[in-house]
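J.: Dock chain B against chain A, hints included.
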Amino acid sequence: MGRYFAIRIGRAALTIVLVVTFAFVVLRLSGDPALMILGPEAPPEVLAAFRKAWGLDDPIWAQYFDYFGAIAKGELGRSMRDGRPAIELVLERIPATLALTLPAFFFKVALGVPAGIYAALHRGSGIDRAVMMTAVAGFTVPSFVLALLLVLVFAVQLGWLPSGGQDSWRHAILPIATLSLGGAAVLARFTRSAMLEVLGQPYIRTASAKGVPWRKVVTSHALPNAAIPTVTILGFMVGTLIAGAVVVESVFAWPGVGRLLVVAVANRDLAVVQCILLLVAMTMVTSNLVVDFLYGFLDPRLRSKGAHA
Amino acid sequence: MTPLVSIEDLRVAFNGVPVLRGVDIALQKGEAVGLVGESGSGKSVTWLAALGLLPRHAQVSGSVRLDGRPILGAPAAELDQVRGGRIAMIFQDPASALNPVLTIRRQLCEALALHRDLQGNAVKAEARRLLDLVGIPDAGRRLEAYPHEFSGGQVQRIMIAMALAGNPDLLIADEPTTALDATIQAQILELLSTVRRELGMAMVLISHDLGVVAENCDRVAVMYAGRIVEQAPSNQLFADPVHPYAQGLIGALPPLDGPRRRLTAIPGTVPDPAHMPGGCAFAPRCALVADACGLAAPTLAPIADDRSVACVRAEVSRRALLGIAAE
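Residue numbers (my numbering), protein chains in the order written: chain A, 1 to 309; chain B, 1 to 327.
FRET-style restraints, in silico, Cβ to Cβ:
| hint | chain 1 | residue 1 | chain 2 | residue 2 | range |
| --- | --- | --- | --- | --- | --- |
| 1 | B | 121 | A | 125 | 41 to 47 Å |
| 2 | B | 315 | A | 216 | 50 to 56 Å |
| 3 | B | 287 | A | 232 | 54 to 60 Å |
What the hints contain is simulated information worked out from the structure, not anything from laboratory work.
Values in this document were obtained by computation on a predicted structure and should not be read as measured data.
By construction, the Cβ of each residue, glycine as well, lies at the ideal position given by its N, Cα and C atoms.
Just chain A, same shape as in the assembly (with noise of 0.2 Å):
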């Protein structure tokens, strides 16, 4: 038990490394921040104090570990715009994107689960076929087209919500709406087929050859097996919360970390670009450990390899 964490903790730190590494090598290859924030026009020595100031002259590999020597202190670097630490303008977004992306993380676990076992459960049904339909369309359907057809019924044609901006409760509706629909979709799809599989095996006839009633069949049979490949689906999906919205922010006008995150690498606004990626890197690599973790707590047969491996 104890290796089986050591090792995925080992890796999720090298995960990081590369994410960190990745990011760092593609922002500075694609373009020169000092032209993209002070403009084609600046006198070349105004670019060439700015590439001084922010050490963009030094060669790439001095660069490099400069700013692993800088986040192993935990300076994260400030932003080339205005010149605030980055992590302060990355944390003060945080809030406004959780507003959206906790709730509909909630309806999509509330609605794409229930759904899936249901459609497995009565399947070929009339509400299997329905579900199914549904689901295949809210994951089909991209995520900006979806937002834009939310906001030209409830927006534009019934105007019985704002169609952007962060006033009130109200505004929130449709961005949440839009992310909770794609992501209830796709739990729905797959809790179904989580769900077949399961009921495909020969425990389950075990089960009610014992005389074990269905519906705790269901229940204390067939779920405990069926969690195990949905809470795969459910770590990625608290993975996404920091960074999961960055379309549905930039078409809701929502000031999130999507948002930031969009106008930063607009911007090659190196230093706050990073400290979202390391920030989305981490929840990310956070989440699949406690998936790991609930792996070895929902299937015994990984615990056991654990422990001998």
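T.: Positioned in the frame of chain A, the structure of chain B alone reads:
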């Protein structure tokens, strides 16, 4: 005497394709009956259908009675009492027959709680006793283990313990040893016949292994393409099979004593359930086939007190076997 279980004209179809085409069989209390036949002949389907364990899209008709009371199509609550409580079933692949995420204790105690009037510590004590009975060493500690921590033979022992939990009158053993090593097979069969003798339980042993059935059963029913084609006491069936298919099966077995002889194989293959020949399903493979065989499927008819066979050429077939010139 009312038989313990009687099945009459049991028919099953999947998506309109008939796989069980009228099965009649009756079982007395304490009797051990073997059900033999090739894969797909309907041995397992018969009992899964009788207990209502087939998937919902299966169309089942006919009658299944337990102590004279119909159980086919009975309400779910009544069937749940029968399953495990009166008729228990164990399956071919023990490794996947137990729930991988629940401890043995949970799965055993579940069966005990459903069918026995036991409370608190008595449940656990009974679970331990059952594990002892089926020969799982260190039962107290092993109760807390998960299925993957046991070997295949041990899991089948646990399955047997679970089947015994409800004190059933009948145990259906569906190819209980097929997935196990030969040495373990013998132990499991030994265990089955011991518990059967001690508890006075009837048993249906489904197998494609004639030897296993001959050794463990009083009576044998041979199935072919969804029907029973011959029923007889074990020793008689093996000494003197009447149905040409049963003769073929037994002719394919190497004799343990007597002179060496060439083993015979049954020519052809089992017909596709979707394209059954009219008349006798075995006719296309039968050496004794006559015009009458293509007209109607023969019904199971008695040829002696305790024997019946479904073949219009039964008499010819029997004479041929005994070396008497036919007709």
